[in-house]
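The listed protein sequences derive, respectively, from chains U and H.
For the first sequence, the working numbering gives the first residue as 38, with consecutive numbering after it.
For the second sequence, the working numbering gives the first residue as 333, with consecutive numbering after it.
The reader is advised that the hints may include incorrect statements.
[To be verified] Here are a few chain U residues that sit away from chain H, every Cβ distance over 12 Å (derived from the structure): (1) Ile-41; (2) Gln-43; (3) Phe-49; (4) Glu-54; (5) Ser-79; (6) Met-82; (7) Gln-93; (8) Ser-102; (9) Ala-130; (10) Arg-132; (11) Leu-143; (12) Lys-147.
[What the hints assert, rightly or not] Derived Cβ-Cβ restraints for the label pairs, each shown as a range: (13) U/Ser-79 / H/Asn-414: 20 to 30 Å; (14) H/Asp-343 / U/Gln-45: 30 to 40 Å; (15) H/Gln-383 / U/Tyr-91: 28 to 38 Å.
In short, the hints are calculated from the structure, not lab data.
Virtual Cβ for every residue (Gly too), placed ideally from N, Cα, C.
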Amino acid sequence: AQKITQTQPGMFVQEKEAVTLDCTYDTSDPSYGLFWYKQPSSGEMIFLIYQGSYDQQNATEGRYSLNFQKARKSANLVISASQLGDSAMYFCAMREIYSGGGADGLTFGKGTHLIIQP
Amino acid sequence: SAVISQKPSRDICQRGTSLTIQCQVDSQVTMMFWYRQQPGQSLTLIATANQGSEATYESGFVIDKFPISRPNLTFSTLTVSNMSPEDSSIYLCSSPQGNYGYTFGSGTRLTVV
């Protein structure tokens, strides 16, 4: 079974609208971290936001917020007031603290290609 | 946060040859990770490199194909050996930063012809 599922291969959104990118995850580890990264066409990976499994509040970073629903194992990224420069691939990723054996690498979803239209 | 310089940024290589990718971190880090991103796909972890020990490879990746060196806490290399067109990918290095973040190098876009 996939550990990270992103069900939206591509999305088209009008500029200035809010957009929600879906992410569900699967883990039996009680301690884990969830990440969102943006990858423009240049290929670099840009860190957007982090949510820990024990965090009580949803993470926010500027225009980015994470809608964390632990019981549903969901960690959707919300981008408010989208801009043309938000057009990119977006990846959800997870780090499992215990089953990952410590500071392990990330497991990535397949990504969502977001295109912002003027 | 730390900055990772990765090179080359891109290369076109002949099949059967090898390419070594370098990552230099501007601070000491315990672990470095190497990922492969095949065209249109997600990132897949190749191996974890600790300084002073053998790298740990993920299922489907072997040391003979992807040897890794980690001579100190700021530097690592990944070699893609005996390349074939199927090795055409973006290769990225990464290291943990602080409590939560992971920093990535800018990636190496490899084309094998």
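To see whether the hints hold, each was checked on the structure:
1. A cut-off of 12 Å between C-beta atoms contradicts the statement that U/Ile-41 is not in contact with chain H; the least separation is 8 Å.
2. Taking the minimum C-beta to C-beta distance to chain H, about 9 Å, the non-interface status of U/Gln-43 is violated against the 12 Å cut.
3. No Cβ of chain H approaches the Cβ of U/Phe-49 within 12 Å, the least distance being about 18 Å, so the stated non-interface status holds.
4. The claim that U/Glu-54 lies off the interface holds: its Cβ sits roughly 26 Å from the closest Cβ of chain H, which is beyond the 12 Å cut-off.
5. The Cβ of U/Ser-79 does not lie farther than 12 Å from every Cβ of chain H; its closest approach is about 8 Å, which violates its non-interface assignment.
6. A cut-off of 12 Å between C-beta atoms contradicts the statement that U/Met-82 is not in contact with chain H; the least separation is 4 Å.
7. Annotated as non-interface, U/Gln-93 keeps its C-beta farther than 12 Å from every C-beta of chain H; the closest such distance is 16 Å.
8. At roughly 16 Å, the least C-beta separation between U/Ser-102 and chain H is larger than 12 Å, which holds for a residue marked as non-interface.
9. At the 12 Å boundary, the C-beta of U/Ala-130 falls inside the reach of chain H, the nearest C-beta of that chain being 8 Å off.
10. Residue placement check: U/Arg-132 does not keep its beta carbon more than 12 Å from all beta carbons of chain H (closest about 8 Å).
11. At the 12 Å boundary, the C-beta of U/Leu-143 falls inside the reach of chain H, the nearest C-beta of that chain being 6 Å off.
12. Residue placement check: U/Lys-147 does not keep its beta carbon more than 12 Å from all beta carbons of chain H (closest about 5 Å).
13. About 29 Å separates the C-beta atoms of U/Ser-79 and H/Asn-414, a value consistent with the hinted range of 20 to 30 Å.
14. For H/Asp-343 and U/Gln-45, the hinted distance range of 30 to 40 Å is satisfied, since their beta carbons lie about 33 Å from each other.
15. Range check, H/Gln-383 to U/Tyr-91: about 30 Å between beta-carbon atoms, so the 28 to 38 Å window is met.
Hints 1, 2, 5, 6, 9, 10, 11, 12 from the earlier list are contradicted by this structure; the remaining hints agree with it.
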